[in-house]
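Letter by letter, the chains look like this.
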Amino acid sequence: MKTVINNYIREEMFPNIWCPGCGNGIVLGAIIRAIDDLKWDKNKIAMISGIGCSSRITGYVDFCTMNTTHGRALPFATGIKMANPNMKVVVVMGDGDCSAIGGNHFIHAARRNIDLTAIIINNMIYGMTGGQYSPLTPTKKFGTTAPYGNIDQSFDLVKLAKAAGASYVARGTVYHVRQLTSLIKKALNKKGFSVVEIISDCPISYGKMNKMRTVVDMLKWIKDMSVSKKAWEDLSPEEKKEKFVIGEFLDIDRPDYTELYSKVMEEAQKMGVSR
Amino acid sequence: MSKKITALTGNEAVAYAIKQINPDVMAAYPITPQTALVQKFSEYVADGLVDTEFITVESEHSAMSACVGAAAAGGRVMTATSANGLALMFEIVYIAASNRLPIVMSVVNRALSAPINIHCDHSDTMGARDSGWIQLYSENAQEAYDNTIQAIRIAEHMEVRLPVMVMQDGFITSHGIDCVEFIDDEKVTKFIGKYQPRYPLLDVNHPVTYGPLDLYDYYFEHKRQQAEAIKKSQKVVVEVGNEFKQISGREYGLFEEYHLSDAERAIVALSSTAGTAKQVVDELRAKGEKVGLLKLRLFRPFPYQEIIQALSHLKAIAILDRSDSFGGFGGPLFTEIRSALLESEKIPQNVNYIYGLGGRDINQVDITSIYADLENIVKKGKVEERIKYLGVRE
Numbered sequence: 001m002k003t004v005i006n007n008y009i010r011e012e013m014f015p016n017i018w019c020p021g022c023g024n025g026i027v028l029g030a031i032i033r034a035i036d037d038l039k040w041d042k043n044k045i046a047m048i049s050g051i052g053c054s055s056r057i058t059g060y061v062d063f064c065t066m067n068t069t070h071g072r073a074l075p076f077a078t079g080i081k082m083a084n085p086n087m088k089v090v091v092v093m094g095d096g097d098c099s100a101i102g103g104n105h106f107i108h109a110a111r112r113n114i115d116l117t118a119i120i121i122n123n124m125i126y127g128m129t130g131g132q133y134s135p136l137t138p139t140k141k142f143g144t145t146a147p148y149g150n151i152d153q154s155f156d157l158v159k160l161a162k163a164a165g166a167s168y169v170a171r172g173t174v175y176h177v178r179q180l181t182s183l184i185k186k187a188l189n190k191k192g193f194s195v196v197e198i199i200s201d202c203p204i205s206y207g208k209m210n211k212m213r214t215v216v217d218m219l220k221w222i223k224d225m226s227v228s229k230k231a232w233e234d235l236s237p238e239e240k241k242e243k244f245v246i247g248e249f250l251d252i253d254r255p256d257y258t259e260l261y262s263k264v265m266e267e268a269q270k271m272g273v274s275r
Numbered sequence: 276m277s278k279k280i281t282a283l284t285g286n287e288a289v290a291y292a293i294k295q296i297n298p299d300v301m302a303a304y305p306i307t308p309q310t311a312l313v314q315k316f317s318e319y320v321a322d323g324l325v326d327t328e329f330i331t332v333e334s335e336h337s338a339m340s341a342c343v344g345a346a347a348a349g350g351r352v353m354t355a356t357s358a359n360g361l362a363l364m365f366e367i368v369y370i371a372a373s374n375r376l377p378i379v380m381s382v383v384n385r386a387l388s389a390p391i392n393i394h395c396d397h398s399d400t401m402g403a404r405d406s407g408w409i410q411l412y413s414e415n416a417q418e419a420y421d422n423t424i425q426a427i428r429i430a431e432h433m434e435v436r437l438p439v440m441v442m443q444d445g446f447i448t449s450h451g452i453d454c455v456e457f458i459d460d461e462k463v464t465k466f467i468g469k470y471q472p473r474y475p476l477l478d479v480n481h482p483v484t485y486g487p488l489d490l491y492d493y494y495f496e497h498k499r500q501q502a503e504a505i506k507k508s509q510k511v512v513v514e515v516g517n518e519f520k521q522i523s524g525r526e527y528g529l530f531e532e533y534h535l536s537d538a539e540r541a542i543v544a545l546s547s548t549a550g551t552a553k554q555v556v557d558e559l560r561a562k563g564e565k566v567g568l569l570k571l572r573l574f575r576p577f578p579y580q581e582i583i584q585a586l587s588h589l590k591a592i593a594i595l596d597r598s599d600s601f602g603g604f605g606g607p608l609f610t611e612i613r614s615a616l617l618e619s620e621k622i623p624q625n626v627n628y629i630y631g632l633g634g635r636d637i638n639q640v641d642i643t644s645i646y647a648d649l650e651n652i653v654k655k656g657k658v659e660e661r662i663k664y665l666g667v668r669e
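Chains as they are written, first to last, in this note's numbering: chain A, 1 to 275; chain B, 276 to 669.
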């Protein structure tokens, strides 16, 4: 059966390498549906990824794509956007990719408010290398490098993105697929740095070590732990533990970096600077 | 005592060596195919079987930075990485050597990007060959284990005080199950000895500084001293190898000569390929062919005099490089050996094979074809194509 998805993928690259039940496929579908809704020309979209399971996405989509190095998808994307501001630039990262090795680039992309969409597939683990805990592994959860539980405090990417200067910040999950598609659509359409964190499942690496061995266990856990913004406000701090709030957290208008950059040149020309 | 053989991967063997070494600090970041090594070691940490401070940093750049900090403070420090991880460390890799910090790093060789590839070649560590680190290459899990233990002694030798990287081939050795004979804990502890830090930052009564600005007034002198230090380490590598034989029964020198002394044709190779080549040498020897192998263990410092002695009697040699030096005249091992042979009165015919990039398999048929090529070269008395690519579609 052909669906709208077939119009945007490189069919010859399938089947994909993702494990059965991996949330990455759900995210891929949601991104494509959002782009299809927006009627974007697929040749004017650049999708950039780093290293990790999620980063394989750039092999599967029929856009202009680049698979870069671990943690550096955002700087590569910044270069692409600056060189051609008319390009729609979408960056897909994993939690280790975005918040550990690429953490610095994440806050600076947000600070500049450059017109990129950052989609972070957060499966709370380094999946590809076999389940080491990441900066987004919740405290007390298990990883191969934390066999007795993680003692680190995890980042809250939503708060981090907001504080660092993003224009649009949302969090969705691979369980709430319709909501996820609409969050991604809004993020893509936003002028400025937009962020969608997606809570995803990894039964193979994360689930196995955290008593959720099957896809169903993991998705059920994601469903049970997700709380809407409205319901979140009524929860006590104790009830909030282990849960995550989903929805839209920021939607403001600020001049984006490429716009400011071209203005500098315009002003300079007005002042009589000759080339 | 009877010998106890354990079946395990190269990664597990090195993790066990690190457990026995029990370093003060280990800082690392996950990267395939090194991951299982650090992961296994992290279990030893979590189980309280070592005293190591294990730091799960946010990148390899930070891993090597943490190692430099800890080593300057006066700790015995280790880490592990592969490919792009080593590339990301690069800035600090040089700093570790220049600050004369005896860090030991296990490198599981893997191809560098792009395109992304997780399999074995030596482009990662060959890229670091001028960084001032001592480089030991291992043929199999046993050698990776043994070299890791010896590396501590070499690095910490008072006349050396330089970091050492110990290599094993990604997936081939790191993930293949092999037979390894461990040395008893007490023997390892005694062999490596108690670490004697030199100029530790934690010695607050004798304050020092590491790495300050050093311009055209003294920088050159410091580099000259560094060149001398790594040169001296060659003697230490041999001494430590001899001592290691006493506790293990296994011999380690600068390189291994396999049917080389009476050979007419030979291959020079690093790491696991040497294992495959030995098999071919055996087969060809059984047919009466005078073939041999030189398996280089120590690539930095490069033991050029000993290599000349070992090779100059040959009629033809093939030097195998599992990495390319793009735009250069042959791969790193080839240029080094060919340059060394210029010091020899008699220079064998020589040819370079670039092979196995990105994990492309090299098998006995390939190696047999190299010995056949050498036979042709001997017959013709000349080399028609100096640098060849083995097993590639063109």
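If you're looking for bench data, these hints aren't it; they were derived computationally from the structure. Incorrect hints may appear among the rest.
Straight-line Cα separation of at most 25 Å, DMTMM-like style, residue types lysine to aspartate or glutamate; simulated pairs [claimed, not checked]:
no.	chain 1	residue 1	chain 2	residue 2
1	A	Lys141	B	Glu333
2	A	Lys263	A	Asp251
3	A	Lys162	A	Asp234
4	A	Lys223	B	Asp326
5	A	Lys140	B	Glu532
6	A	Lys159	B	Glu333
7	A	Lys141	A	Asp256
8	A	Lys241	A	Asp256
9	A	Lys141	B	Glu532
10	A	Lys208	B	Glu532
11	A	Lys208	B	Asp557
12	B	Lys553	B	Glu532
13	A	Lys208	B	Asp322
14	B	Lys315	A	Asp152
15	A	Lys211	B	Asp489
16	A	Lys141	B	Glu503
17	A	Lys162	B	Asp322
18	A	Lys140	B	Glu581
19	A	Lys208	B	Asp326
Against the structure, test the hints numbered earlier, and report the numbers of the ones violated in rising order. 4, 5, 7, 8, 9, 10, 11, 15, 16, 17, 18 and 19
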